[in-house]
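Asks: Keeping their order, the protein sequence lines are chains R, Z and F.
Taken in order, the first sequence gives residues 1 to 211; the numbers are from the numbering used here.
Taken in order, the second sequence gives residues 1 to 246; the numbers are from the numbering used here.
Taken in order, the third sequence gives residues 1 to 246; the numbers are from the numbering used here.
Simulated from the structure, these hints should not be mistaken for lab results.
Glycine included, each C-beta is placed from N, C-alpha and C at the ideal position.
Treat the hints with caution; some may be incorrect.
[What the hints assert, rightly or not] Facing chain R, from chain Z, some residues (calculated, C-beta under 10 Å):
1. 150
2. 151
3. 153
4. 157
5. 232
6. 234
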Amino acid sequence: MTLRLQARGLACERDDRWLFEDLDLDIRAGEIVRVEGPNGSGKTTLLKILSGQLADYQGELFWNDRPMRRVRQAFLESLLYLGHAPGVKAALTPLENLAWYQALAGRRGSEDARLAALEAVGLAGFEDVPAAQLSAGQQRRVALARLELTPRPLWVLDEPFTAIDRDGVAALEARLVAHARAGGCVLVTTHHELGASTLLRRIRLGGRHAA
Amino acid sequence: MWSFIHKLGSPRWFYAISARLMPWFWVAAALLIAVGSVWGLAFAPADYQQGNSFRIIYVHVPAAFLAQSVFVGMAVAGLVFMVWKIKVADMAAAMMAPLGAAMTFIALFSGAVWGVPTWGTWWMWDARLTSMLILLFLYLGVIALRGAFASRDSGSRAASVLAMVGVINIPIIKYSVDWWYTLHQPASFSVTSRPTMPLEMWAPLLIMVLGFYCFFIAVTLMRTRSEILRRESNKRWVRDLAVEGR
Amino acid sequence: MPHEARGLQARQDASRTGEPGGGLAVAFWATLKRDLVLLLRRRSEVLNPLVFFALVITLFPIGISPDPELLATIAPGLLWVAALLAALLSLDSLFRGDYDDGSLEQLLLTPQPLPLLVLAKVAVHWLLTGLPLALMAPVLGILLSLPVGSYGVLALSLALGSASLSLVGAIGAALTVGLSRGGVLLSLLVLPLYIPVLIFGAGAVQAAILGDGASAHLAILGALLALALMLAPWAIAAALRISING
Numbered sequence: 001m002t003l004r005l006q007a008r009g010l011a012c013e014r015d016d017r018w019l020f021e022d023l024d025l026d027i028r029a030g031e032i033v034r035v036e037g038p039n040g041s042g043k044t045t046l047l048k049i050l051s052g053q054l055a056d057y058q059g060e061l062f063w064n065d066r067p068m069r070r071v072r073q074a075f076l077e078s079l080l081y082l083g084h085a086p087g088v089k090a091a092l093t094p095l096e097n098l099a100w101y102q103a104l105a106g107r108r109g110s111e112d113a114r115l116a117a118l119e120a121v122g123l124a125g126f127e128d129v130p131a132a133q134l135s136a137g138q139q140r141r142v143a144l145a146r147l148e149l150t151p152r153p154l155w156v157l158d159e160p161f162t163a164i165d166r167d168g169v170a171a172l173e174a175r176l177v178a179h180a181r182a183g184g185c186v187l188v189t190t191h192h193e194l195g196a197s198t199l200l201r202r203i204r205l206g207g208r209h210a211a
Numbered sequence: 001m002w003s004f005i006h007k008l009g010s011p012r013w014f015y016a017i018s019a020r021l022m023p024w025f026w027v028a029a030a031l032l033i034a035v036g037s038v039w040g041l042a043f044a045p046a047d048y049q050q051g052n053s054f055r056i057i058y059v060h061v062p063a064a065f066l067a068q069s070v071f072v073g074m075a076v077a078g079l080v081f082m083v084w085k086i087k088v089a090d091m092a093a094a095m096m097a098p099l100g101a102a103m104t105f106i107a108l109f110s111g112a113v114w115g116v117p118t119w120g121t122w123w124m125w126d127a128r129l130t131s132m133l134i135l136l137f138l139y140l141g142v143i144a145l146r147g148a149f150a151s152r153d154s155g156s157r158a159a160s161v162l163a164m165v166g167v168i169n170i171p172i173i174k175y176s177v178d179w180w181y182t183l184h185q186p187a188s189f190s191v192t193s194r195p196t197m198p199l200e201m202w203a204p205l206l207i208m209v210l211g212f213y214c215f216f217i218a219v220t221l222m223r224t225r226s227e228i229l230r231r232e233s234n235k236r237w238v239r240d241l242a243v244e245g246r
Numbered sequence: 001m002p003h004e005a006r007g008l009q010a011r012q013d014a015s016r017t018g019e020p021g022g023g024l025a026v027a028f029w030a031t032l033k034r035d036l037v038l039l040l041r042r043r044s045e046v047l048n049p050l051v052f053f054a055l056v057i058t059l060f061p062i063g064i065s066p067d068p069e070l071l072a073t074i075a076p077g078l079l080w081v082a083a084l085l086a087a088l089l090s091l092d093s094l095f096r097g098d099y100d101d102g103s104l105e106q107l108l109l110t111p112q113p114l115p116l117l118v119l120a121k122v123a124v125h126w127l128l129t130g131l132p133l134a135l136m137a138p139v140l141g142i143l144l145s146l147p148v149g150s151y152g153v154l155a156l157s158l159a160l161g162s163a164s165l166s167l168v169g170a171i172g173a174a175l176t177v178g179l180s181r182g183g184v185l186l187s188l189l190v191l192p193l194y195i196p197v198l199i200f201g202a203g204a205v206q207a208a209i210l211g212d213g214a215s216a217h218l219a220i221l222g223a224l225l226a227l228a229l230m231l232a233p234w235a236i237a238a239a240l241r242i243s244i245n246g
């Protein structure tokens, strides 16, 4: 299977203001695409459109060369989206949080897999602590554990480095590269400077539109 | 087909076509309301039971009709907006809501005024009046929800969904209130459900109802036009209009 | 395609076929369980509406009169109105927590049908608000000298009716979840829609007291619930999709 997310003539108008216009994108397997632009240039909105959350756009989206509206279900089954908020319930433990996310993907999953995923993001020993007692960075790591747990080819990550310490940032960056190398695809916004890599491509919003 | 619908929904096209339609509705509204009022207030025979006070029917009934139809119109416009993303439909819905609320209020107020000679009190929990009061709350809810969103687009969508939910509920509310009324009130004199009305009484009523509808359409067209100008003020065609001074 | 990519794909396929056809059921039950656990860990949120219910019922004899006969005549309505307000009280938090911490976004992005997942959340709201209120109502009925023989109908009508209230109320909660001060607006949107349920719910108790038999009322409450079950989940899902983009 190829992996291809395309946008043709994408434009988004919110309340009479054009966030971006006439944007053409072609994102394929093995790429890390970083969406750049100043605050308010529509980075988050673009990610929301490209992750199928916002239907209020002009232009066309294609997933694997088929119109997005027709293959939405298949698209969602290939997508893992992490937004601004980590989506971690404070009253639940990291294990319970992950169990729910696995169930949302339609799978019961195993406790071992969840423990392994938490260990991979450096949360060994915190599995049964209510997430409310974890720091912001640790909560973000719980969300990132889903990258390990739910194998999805397309990752759409909105500011995934927020609140994460330096070691964590390096590990996450390595994880993104590994994912792209393995034939996955990463779409990311971040204020953090990503290390130069042949896989990395940039899309600039605000003013000039390049793709 | 699709291009036709979208052309119909383009603000510019709507602005042009409504300019031609609007005067006809204004003339029709003025004529019908004038004829209906004079006929109804001066020439229609007095009611054998209520005397002349029944003539308030010529305001009350058209307002009540309109109050309900406008809500349906608003929901249909909301559906069109949600399904086909036609912005003019949303602008029309936004403009209809306060008008519908005003009509509901007029219906309630005229009902209350009518109540004084008929029941000897300003308010009775009459089935019709109660439904009308609930309808007023539904209108206020739609208006408040639209205004509560920081983003106008989201407010439009939310108001559309609420209008559709409301329109499904209106018949349910109406029937349940009717049931409630018959359970609690012994069949007393109900002002609006009249058995038979002679032709010379209901003909002017019909004219008034038509006049109110024409008035509503004319006002909605006018208000939608100004809303188009307001929302599209940064579009070139609107700027050109301003330059031409038309 | 690189070798690893095929590995990734194979892993994904294996995981998809791992739970043949049961994906939706897994997601539904997990959501139900998660919300139950969440609410049971913050028990005060479950208890507050019940305490509120008891408190409001205490206010009426103090505000009106301790006369048992008078209280008995108005008890069905009082109990129903107070229970309805208590259910409304907890409605605002139905989606609020998920909205604030971002899990609502994730819920909207699952490949599972959203209306059904939303139904799981509404079911939890009913289980921990509507049902306890229904079970508690007979006790408060004693305080209002509710006539014997209507206690069962009171609990049953509340259990049936509050399920409709949860469903309809969730539409309002979904529409207002993106607004920072949506609480008051929520009541404005939802209360008019509650009226049919109130009429037939209180009517059922009234009928039981009069010895008319409440089955007709209960049947209508059941019909309203069926209608709400069919339509409300779609409206809730649509409303959530609007709210998430505030």
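Asks: Out of the numbered hints, which ones does the structure contradict?
Replies: none
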